[in-house]
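Line order of the protein sequences matches chains A and B. Numbering that gives the first Met the number 0 puts the first residue of the first sequence at 0, with every later residue one more than the last. Numbering that gives the first Met the number 0 puts the first residue of the second sequence at 0, with every later residue one more than the last.
Derived by calculation from the structure, the hints in this document are not laboratory data. Misleading hints may appear alongside valid ones.
The list cannot tell twin chains apart, which means a pair is met if one copy fits it or any two copies do.
[To be verified] Okay, derived cross-link-like pairs now, SDA-like style, lysine to any residue, Cα gap no bigger than 20 Å in a straight line:
hint	residue 1	residue 2
1	Lys-200	Asp-72
2	Lys-437	Lys-480
3	Lys-200	Arg-69
4	Lys-57	Asp-204
5	Lys-480	Leu-325
6	Lys-304	Tyr-109
7	Lys-278	Ile-430
8	Lys-122	Leu-92
Protein chains: 2
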Amino acid sequence: MIWHAICLGLLFQLILVFGSNYPKNVNIWPMPESVELGNKTLFISKDFNLKTDASKYKDHSGILKDGFTRLLDVITSNNVIEYNFGKVDQSVLLQGIHVVILSEGDELQYGVDESYKLNIYPKGNPIYAHIEAATIYGALHALQTFSQLCHFNLNTRKLVRACGMYLGGQYRSFKICLLLPTLVGCKTYTSRHYQSLPMIKKVIDSMAYAKLIINLSRWRYLHSQDCGMVLIQSQNAIQWLLQLKFYAQRRGINVLAELDVPGHARSWGIGYPALWPSKTCQEPLDVSNDFTFKLINGVLSDFSKIFKYRFVHLGGDEVDTSCWNLTPRIRNWMKQKGLNESTAYEYFVLKAQKIALSHGYEVINWEETFNHFGNELDRKTVVHNWLGGGVAEQVVKAGLRCIVSNQDKWYLDHLNTDWQTFYMNEPLENITKPEQQKLVIGGEVCAWAEHIDVSDIEQTIWPRAAAAAERLWTVPDKLAKDPNDVTSRISNFRCLLNQRGVAAAPLNLSGRGAPTGPGSCYLQ
Amino acid sequence: MIWHAICLGLLFQLILVFGSNYPKNVNIWPMPESVELGNKTLFISKDFNLKTDASKYKDHSGILKDGFTRLLDVITSNNVIEYNFGKVDQSVLLQGIHVVILSEGDELQYGVDESYKLNIYPKGNPIYAHIEAATIYGALHALQTFSQLCHFNLNTRKLVRACGMYLGGQYRSFKICLLLPTLVGCKTYTSRHYQSLPMIKKVIDSMAYAKLIINLSRWRYLHSQDCGMVLIQSQNAIQWLLQLKFYAQRRGINVLAELDVPGHARSWGIGYPALWPSKTCQEPLDVSNDFTFKLINGVLSDFSKIFKYRFVHLGGDEVDTSCWNLTPRIRNWMKQKGLNESTAYEYFVLKAQKIALSHGYEVINWEETFNHFGNELDRKTVVHNWLGGGVAEQVVKAGLRCIVSNQDKWYLDHLNTDWQTFYMNEPLENITKPEQQKLVIGGEVCAWAEHIDVSDIEQTIWPRAAAAAERLWTVPDKLAKDPNDVTSRISNFRCLLNQRGVAAAPLNLSGRGAPTGPGSCYLQ
Chain A
0 MIWHAICLGL
10 LFQLILVFGS
20 NYPKNVNIWP
30 MPESVELGNK
40 TLFISKDFNL
50 KTDASKYKDH
60 SGILKDGFTR
70 LLDVITSNNV
80 IEYNFGKVDQ
90 SVLLQGIHVV
100 ILSEGDELQY
110 GVDESYKLNI
120 YPKGNPIYAH
130 IEAATIYGAL
140 HALQTFSQLC
150 HFNLNTRKLV
160 RACGMYLGGQ
170 YRSFKICLLL
180 PTLVGCKTYT
190 SRHYQSLPMI
200 KKVIDSMAYA
210 KLIINLSRWR
220 YLHSQDCGMV
230 LIQSQNAIQW
240 LLQLKFYAQR
250 RGINVLAELD
260 VPGHARSWGI
270 GYPALWPSKT
280 CQEPLDVSND
290 FTFKLINGVL
300 SDFSKIFKYR
310 FVHLGGDEVD
320 TSCWNLTPRI
330 RNWMKQKGLN
340 ESTAYEYFVL
350 KAQKIALSHG
360 YEVINWEETF
370 NHFGNELDRK
380 TVVHNWLGGG
390 VAEQVVKAGL
400 RCIVSNQDKW
410 YLDHLNTDWQ
420 TFYMNEPLEN
430 ITKPEQQKLV
440 IGGEVCAWAE
450 HIDVSDIEQT
460 IWPRAAAAAE
470 RLWTVPDKLA
480 KDPNDVTSRI
490 SNFRCLLNQR
500 GVAAAPLNLS
510 GRGAPTGPGS
520 CYLQ
Chain B
0 MIWHAICLGL
10 LFQLILVFGS
20 NYPKNVNIWP
30 MPESVELGNK
40 TLFISKDFNL
50 KTDASKYKDH
60 SGILKDGFTR
70 LLDVITSNNV
80 IEYNFGKVDQ
90 SVLLQGIHVV
100 ILSEGDELQY
110 GVDESYKLNI
120 YPKGNPIYAH
130 IEAATIYGAL
140 HALQTFSQLC
150 HFNLNTRKLV
160 RACGMYLGGQ
170 YRSFKICLLL
180 PTLVGCKTYT
190 SRHYQSLPMI
200 KKVIDSMAYA
210 KLIINLSRWR
220 YLHSQDCGMV
230 LIQSQNAIQW
240 LLQLKFYAQR
250 RGINVLAELD
260 VPGHARSWGI
270 GYPALWPSKT
280 CQEPLDVSND
290 FTFKLINGVL
300 SDFSKIFKYR
310 FVHLGGDEVD
320 TSCWNLTPRI
330 RNWMKQKGLN
340 ESTAYEYFVL
350 KAQKIALSHG
360 YEVINWEETF
370 NHFGNELDRK
380 TVVHNWLGGG
390 VAEQVVKAGL
400 RCIVSNQDKW
410 YLDHLNTDWQ
420 TFYMNEPLEN
430 ITKPEQQKLV
440 IGGEVCAWAE
450 HIDVSDIEQT
460 IWPRAAAAAE
470 RLWTVPDKLA
480 KDPNDVTSRI
490 SNFRCLLNQR
500 GVAAAPLNLS
510 GRGAPTGPGS
520 CYLQ
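Can you make the complete structure from the sequences, with help from the hints?
Take a look at the structure:
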């Protein structure tokens, strides 16, 4: 018959396969700084385990242990279990991973050393893979890389030499903007679209696969009137955020909070109508009202208890100040202060910056602030580009730091932008001086949620965010000159996401379309 | 400030809210046979627990315990935790659920009694909710219903009387067709589209929310040539199926296997070319070859060890027999036997039925078999309608059983069919005699996977499958005459799926489109 009797109870083993002709067959995404390929297939032992001898990091809070458990989950849930009908020779049996972490702490902060070395040499008895990392977070990345090397040996039993790989110190930060409701459960008002905690957790899991970090932005800040909320709901919101942050942190994912002012904050006035210029002219926030800044101070004070990341994002984009002139009270106030709409906008942004600085944050602001009054911005400001290309060049020339998100290439909600465009977007374009290159601290792909809710968030993000992840992680000279050279490898990553239950879209469509017909995920 | 200090460590409680004006505010989906509404809000205790005194079922395999753990997961992960700043009065504190199951066994089979009573009376000290069910599977349904009653008390602290509800013995079966690869991991060939185990598990979870069962269909049956597979991969496939079946069974979800013959089986010939009429004319399976039936016997023998459900589905649809006449060998064989294409098709289907019966199965066949030779079908045959309306009427008149899946209303891959159409499709249309009504054993919504892979399977299924679920579960006189009367309740269910991380699509689109603009999931 076609199937043999089911052999439950026998020793079962995972197979660890390395492709035979690097780099074509090394399906790691994003590609590490350096990879050396072996030629041996190792089998994962049934009692595959974690060893931490000589590690300075003691894992009191279980971050490493949990990461190892997730590794086992992901490689076993991924259809990779095979029943081995014979005994596997000790010389090809991988008994576990030996992790050595060189520093004690587990603080997750901007600039934390996330590099690692992963060596899988088929030597020793028993054989262990070896991870060496400066911090627990580098070790987590190494486990993700390891998981991508494990798969079911379908085509061949050929043994290939084991590989070692190394990701150096260089890295660039990366974020995804998600629009979140501050107050979950409010039926009528959410921030564009409700994103549920289980889905955000799922997105965080998948971000860890691609080694990304997260940016939560465009908060709605509501109060009781609009959906019957009372103070206690704010406690609920804090609890929600703490859960989210805890979940992300244990996966090595930083959470950056973005609080856009004075624009994109109209919803705050639903709870606090005093923040609106008037009932009929509702944004930007009232620049003339002390309460506006008292509230920003309160929010940032609360934020500082939750979000310990070095930066806070204060927005400053798309501010149409005409309501200020149309509202007599504000017009008079500006006149008194000798301000016009443009200088009042500057006044607002700089005042908000000062508040954030007083809470220990460095500030990120959207590029409009730089374009209008770049010289006045606090020198610790990071300018966030979005309007198009060529901005980073200007920002770093002015000695400020920059994050690149040019919308023509890195906005996920632009559904006509294909993964190749995401891959080819170079944040350092035309920036050649090393000291200026250092000022480009990273890039961010943005998923603005007008047309994104729980039903389509995953396929909007993936696989295109992965293309940007490689651009941000991989050393420039290892990046493909032609994105089509990495189609096979990124399609492998897309299938890996699918295998792990993540709804990553087909690659052969620009946005998040359905597959055009029957076929393998490796070819679509 | 807006947020108070974070009050960790205080007693926290879930709130259980019942709507105040039934049935409008009872957001249970699908609606039970009878619901009686109370007027009291109960708070879920921090140490909410499961009690099983007096239960005949002993839960040796932990099905109930796991179901209760999932209940806790789903209500706590769902943003429903609230910090209670005072002490909750014992008179409104729900301490747990007392489950009484009247039968010992846990066999999951067609016709198993899935009814339950769920009473949440605010009486007793401490107060327990009460579930009484004939079987463990009725109790699992009751826990799902309970989970839908728990939510964060957003609008009001008003106490409403607790409600009791009851789902009677009546039910109709329900299935979703999924196209699965038999051999996971094969890179080039899958059954239309690869569906990964983690995603199928997620779909099973969501099916349990809507109280559905599953039909796995259109297997690919491959062998080594096409992707380097060897025998051991079949073991892997069995393991894969067993995992899936175990996972489903513990959630009360039956798995029905569908093995379409002689059509829709072209892929088998990739592994066994002898099954093709010829290399250039590859389907249907060769009716003249003994090996064809030997193979079907082998597969069904294997199936019978895995799938213990009373039925197996043998297909029989869309058979274009012209290859049989075009292939000299088969043409000669037919001539010898005195068969033409039409009677050879009948010969094939009836022979396959006999094989299935010999393995203890009752057989489901697509309606073409009934349309061509209904009188010859085994009397245990269940005829599966798909071509359009009015078929069930003919089938039950002929004394055979029927499953309804008319493609114009219950095919999920028809993206222009809206949820209202799914809701209004009545399997008993024009069937008035009770003994004939009994022969309509259920309905099935089908998700054929030409354009469905991991990236869009969830939004293709939900929320439309839920509309059909209510049609199949709810007693006819409780069903809405106008589907728009239940828009609010089904949108609530869609949001519940979103809250639980399921990518259910907006309701205000016919298929699985993206939200048209910002807005609440309750309104889209």
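Verification of the supplied hints:
Taking the shortest alpha-carbon separations for Lys-200 and Asp-72, both the intra-copy value of 16 Å and the inter-copy value of 14 Å come in at or below 20 Å. For the identical chains of this complex, Lys-437 and Lys-480 are neighbours neither inside a copy (22 Å) nor across copies (66 Å), given an alpha-carbon limit of 20 Å. For a Cα distance limit of 20 Å, the shortest separation of Lys-200 from Arg-69 qualifies both inside one copy, at 14 Å, and across copies, at 17 Å. For the homomeric pair Lys-57 and Asp-204, neither the shortest alpha-carbon distance inside one copy (24 Å) nor that between copies (37 Å) is at most 20 Å.
In this assembly of identical chains, the alpha carbons of Lys-480 and Leu-325 never lie at most 20 Å apart, being 52 Å within a copy and 52 Å across copies at closest. Taking the shortest Cα distances, Lys-304 and Tyr-109 sit within 20 Å of each other inside one copy (17 Å), while across copies they are farther apart (55 Å). In this homomeric assembly, Lys-278 and Ile-430 never come within 20 Å of each other (Cα to Cα): the closest approach is 47 Å inside a single copy and 60 Å across copies. Within a single copy, Lys-122 and Leu-92 get their C-alpha atoms as close as 10 Å, which meets the 20 Å cut-off; across copies the closest is 61 Å, which misses it.
The structure is inconsistent with the numbered hints 2, 4, 5 and 7, although it conforms to all the rest.
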